[in-house]
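Undergrad: Protein chains in written order, with the working numbering: chain A, 937 to 1290; chain B, 937 to 1290; chain C, 937 to 1290; chain D, 937 to 1290.
Errors might be hidden in some of the hints.
No copy is singled out in the list; a pair is fine if it fits within one copy or between any two copies.
What the hints assert, rightly or not - Below, a list of computed lysine-lysine pairs in the DSS-like style, where the Cα atoms sit at most 30 Å apart:
{"hint": "1", "residue 1": "Lys983", "residue 2": "Lys1121"}
{"hint": "2", "residue 1": "Lys1142", "residue 2": "Lys1218"}
{"hint": "3", "residue 1": "Lys1142", "residue 2": "Lys1121"}
{"hint": "4", "residue 1": "Lys1142", "residue 2": "Lys1155"}
{"hint": "5", "residue 1": "Lys1121", "residue 2": "Lys1155"}
{"hint": "6", "residue 1": "Lys1142", "residue 2": "Lys939"}
{"hint": "7", "residue 1": "Lys1121", "residue 2": "Lys1218"}
Calculated from the structure, these hints are not laboratory results.
Number of protein chains: 4
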Amino acid sequence: MGKIPCAILGATGMVGSRFVHALHDHPWFSIEILAGSEGSTGSTLRKASVAARDLHLPNSILDAVMVPPDPDAIVEAGIGVVFSSMPADVAGPIETRLAQAGVAVFSNAGSHRYDPHVPILVPEINPTHMGLLGEAESVFGGGFIICNSNCTTSGVVMAMAPLVKWGIEEVNIASYQALSGAGLKGPAAIDMMGNVLPHISGEEGKVRLETLKILGSFKDRDVHPAPFAVNATCVRVPTAHGHLLVLQARIRDELDEQDLRRALHNFTGVPQQLGLPTAPGKPIIARPEDDRPQPRLDLNAGGPGRAEGMAVTVGRLRVEGDRVRMVALVHNLMRGAAGGSVLNAELAHAYKYI
Amino acid sequence: MGKIPCAILGATGMVGSRFVHALHDHPWFSIEILAGSEGSTGSTLRKASVAARDLHLPNSILDAVMVPPDPDAIVEAGIGVVFSSMPADVAGPIETRLAQAGVAVFSNAGSHRYDPHVPILVPEINPTHMGLLGEAESVFGGGFIICNSNCTTSGVVMAMAPLVKWGIEEVNIASYQALSGAGLKGPAAIDMMGNVLPHISGEEGKVRLETLKILGSFKDRDVHPAPFAVNATCVRVPTAHGHLLVLQARIRDELDEQDLRRALHNFTGVPQQLGLPTAPGKPIIARPEDDRPQPRLDLNAGGPGRAEGMAVTVGRLRVEGDRVRMVALVHNLMRGAAGGSVLNAELAHAYKYI
Amino acid sequence: MGKIPCAILGATGMVGSRFVHALHDHPWFSIEILAGSEGSTGSTLRKASVAARDLHLPNSILDAVMVPPDPDAIVEAGIGVVFSSMPADVAGPIETRLAQAGVAVFSNAGSHRYDPHVPILVPEINPTHMGLLGEAESVFGGGFIICNSNCTTSGVVMAMAPLVKWGIEEVNIASYQALSGAGLKGPAAIDMMGNVLPHISGEEGKVRLETLKILGSFKDRDVHPAPFAVNATCVRVPTAHGHLLVLQARIRDELDEQDLRRALHNFTGVPQQLGLPTAPGKPIIARPEDDRPQPRLDLNAGGPGRAEGMAVTVGRLRVEGDRVRMVALVHNLMRGAAGGSVLNAELAHAYKYI
Amino acid sequence: MGKIPCAILGATGMVGSRFVHALHDHPWFSIEILAGSEGSTGSTLRKASVAARDLHLPNSILDAVMVPPDPDAIVEAGIGVVFSSMPADVAGPIETRLAQAGVAVFSNAGSHRYDPHVPILVPEINPTHMGLLGEAESVFGGGFIICNSNCTTSGVVMAMAPLVKWGIEEVNIASYQALSGAGLKGPAAIDMMGNVLPHISGEEGKVRLETLKILGSFKDRDVHPAPFAVNATCVRVPTAHGHLLVLQARIRDELDEQDLRRALHNFTGVPQQLGLPTAPGKPIIARPEDDRPQPRLDLNAGGPGRAEGMAVTVGRLRVEGDRVRMVALVHNLMRGAAGGSVLNAELAHAYKYI
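Chain A on its own, in the form it takes in the complex:
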């Protein structure tokens, strides 16, 4: 019924299966093509994807047959919208080829995040960054890449965005990252048994660069990165889903705890105004309890329904002098990955880019 046909590339992984889940009954998009790695070609999603097993998908989609991620075949098939959760090492050239052929690519891969014409989009925060895509006439209908951020970054920017008006001068982060952030082949169980790992390769640099790009300002057809310092120490902990973040920001202008709570509670954006299908009613849930957020209790904030896992929960709000402290939780596979890109596509559709 007039839905926009789309393809999912990298459909078998931890994020890919969430793309499938989010899109298989989407009101605006219909899945036409599922592509995986070479190894999965010709197999059904059911067989090819361990990750899909948890998600209670209908048989019709589990029985879909995987194809290779061939950009030309996708273009030939008349697909104008692609969601990509391919591994970074293969995503780059395929996404480029698709965009060049006029396809709108919504990507969870890191390959193009720092490209000059690619926004790292969080619709509540920086919709103006879509200006990076170029002149309207050249991109309307497709031919661009829009990235969502790294999963950890998505929690940082959502919790920090309401503070921008008081002037952020520095952000420090210690993370408690869930296992699903490492994908299907993450740490071995024996290594995580009663243990935490104080390093996640490449993550801290991504959090820094992406946070500054997302919270940067769009001027003169370019994004000017935010000018403050961002430092993260990223730690893997034995939780399944949901990255918890201990955040401390140094703020230029005076605010008190009441101001902070109100700013977080009242934060809203374009997705809420437009009522996008995957937008949570409130993008930030500010909880008053001392012992929240918790991965177990707050993972799916934003739901029930399509926006499950799309709200970031914050708690333990404290203001002391120029320091603001809080704890935030983001669903790393939803707001932090597949859900984020689906919301990006919804915004692009609402804005007539697709």
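On the provided structure of chain A, position chains B, C and D as indicated by the hints.
TA: Chains B, C and D in isolation, oriented as in the chain A frame:
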């Protein structure tokens, strides 16, 4: 053969059983009295203490019969040294009474940590704080309380002490605290399954006050708290033992990563000079690997032997401008509790206070 | 709208909160009274129940005020149906009093399971046992107690019921029981960290007696326990929900693996015929994969919707001589507790007992 | 000083690092060669072996350089004793070649366990099976392979051996197997989080065949497998080390619980009589408590010292008619792997085979 007879009060708990383990074959002290709560009186340690079960203690000590924590009976029995790991709500008056009666009390309880004549002693860091006890003649032989710090604080101060010479201006901490820090009746397993809890009651205030007292300077017969800011967000994670700490300090004078590594690696103190029985060869182990420290691999640093769990392991050293960052791991029951107090008693003995 | 008003006694616990969840939007029942322990009286469910926090209940029910479990007040309020998940030590007399006053009691408590006029009902298996309640005229409209089984038993009997026709001569069980089966105050996290506990107090006797009563035959107005041997070794493992069971049965008549698979797959009962609201389409899901069932993947079998967690999943089917082996998984809080009792009430309503 | 030089093949894995640990300070053997896979050649053990990191080995052994597992080079180097924990797919021909060249091979690999001239040796149980090696003159000095059993089997046979005299007619096993049994590349943490896996590839067949061979009788120069039925369902649970087993045996002759307890408690064998270095004082620890054995508390039974993890702990002893039930725990890497093979070598040495 000339060992100093001692009593352990609160012997059945998580920390108490570590006192028993550390002291049952100690070269200087001999356990004469084991006291528990009312409920355990008359029972053997084996029966009264679930915590002792893990520690492979000899039958002779497991068959010892528990007595009540009666200070007068202890004094009458001629015991001059007491190790206390009683709950805070009962420890206060009992420890006071013992000290008044001339007993040397080494306490893991929080009751007296902020008393003006009680040092929070970490022998490698602040041995001069023993001056708080008063004039030598009045305390030699007993009649005082020496506290060890809270378990989390013990890791903070050990990692920060080598930085004091460059001028610490601020310390920020995010903790990843193990379950044994909550005692035998800690969080229920169902609540910790794949979860973290972003609050530990009272902990953050303790870390702040104790860090400043321990790193304070002893002048004019008093401890002057260190003048910098300390902020902690304390989080419980599903590990058994070992508190991991993400630390960031702001430093006044310039230093580079090489300076930092050397300062941590070379840090040493009176216990090492005196060769105290429970002193680790190096109080700080600075590891070069990206993925260390880990609770699973570094918990028992300092050993093998009596000093197992007495060294703090640090890693992920980074210096950026005036910021120093690192990750530290402390064994919360050893350096952070029973082991710390035993080392305090060894120092007091070497200094002829007992 | 003509719904049957009911009360939930013991509403704040692990099972009680599942009763609330299953009944708050039930098509046939409406919750009128929520009762907890003395301590919770006057408090809202939100405050009184930690267990309710995970379940995403609407505010209207979370804001309901708890009353004491006073049977007379319940009767006076005109409540004819009570769901009970009170602790065994208080449930007994309260449930008796309610039944005497004409109330239909659906109980998860163990107090009355072996009473001569109380069936342990599993609607797919032994609906005829409702005959224990007595002559129709004396019980129609209320005045009886119907128990659901212990959580572990519920998985055993569901997996064994299809084998009855071949003659069961012996059942051996080794269980892998989840933490939620021990309630909110179950094992401490420190004791379950990388550990299993090879004993669950009282459980093995319950499994034996209840299995024989449920699989017994109703003749001459009485249940004659099944005549075979049942032996269980019950072990707690670190999973959150879902009891896994390794089952071995000795069978009198010959059958092969194909017979077994078919019998399990085709098993159905009165709830399916009547389309009861909480009945799963198939009460047993027989999976062909070697590595199923798993708690993580199969916990909610029967759903989505109201019957989530109401189907038992079986796998690893093997027949060797007179031995039948399989692995079964039951949701201990749903089919094994609250869901089971709700299904019992639905059957009682369909049969016009209420 | 007169120690027997030996090589360890497959030294970098989970079992190999235990070989290194058990042998690096052994009174009879000295490690001369450490061999790993192709990839590890030329690297130090420290670098090549993640598993060695946990074991607090001395620097001298951690700095040893790995060589390839070349049987000819080992023979040329004059090595007469080899411990093998290579993967099954490469172990077979290398072990054969070594034995043909006159080397005594003690293997944890499964490749040769069913060979007619290879015993699966458990020194307390079946020392007579060394007769399989052939005439004394042909094998004294080397030229044979002696296997230890699969890790799960080692617990089964130890717990069952004392029952042989009453006539075992059937053994049923449900296992709770630890992660280290799956090696360094075992299940991913995300798949084991609050989960159990009801299948371990190939394990159940091994348990059956090996149990029958080990408990078989040596007659006419051959081992005649024990004639009873063995059935196992093997399940992976989220513990680190230590396989727990729920065992049920059907017994021909009458015995009571007292007989059973005494038989287990008094069980002893040649290693105890000879005082072999790695022999535990008692090979079976029979615990009276309801809640034992537990992996956390009983893993290292047999120690402290060289025999840590070499005793099997049993508990929950029950006799009902002809059925005997118990729970057993075996350290899968020690008695169940490296420790078992080292004990085999000690017996071979005591018997002058090497």
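Undergrad: Now, for every hint given, state plainly whether the structure supports it.
TA: Hint check results:
| no. | hint | in the structure |
| --- | --- | --- |
| 1 | Lys983 / Lys1121 | both (17 Å within a copy, 22 Å between copies) |
| 2 | Lys1142 / Lys1218 | within (26 Å within a copy, 36 Å between copies) |
| 3 | Lys1142 / Lys1121 | both (21 Å within a copy, 28 Å between copies) |
| 4 | Lys1142 / Lys1155 | within (23 Å within a copy, 47 Å between copies) |
| 5 | Lys1121 / Lys1155 | neither (41 Å within a copy, 50 Å between copies) |
| 6 | Lys1142 / Lys939 | neither (35 Å within a copy, 55 Å between copies) |
| 7 | Lys1121 / Lys1218 | neither (33 Å within a copy, 34 Å between copies) |
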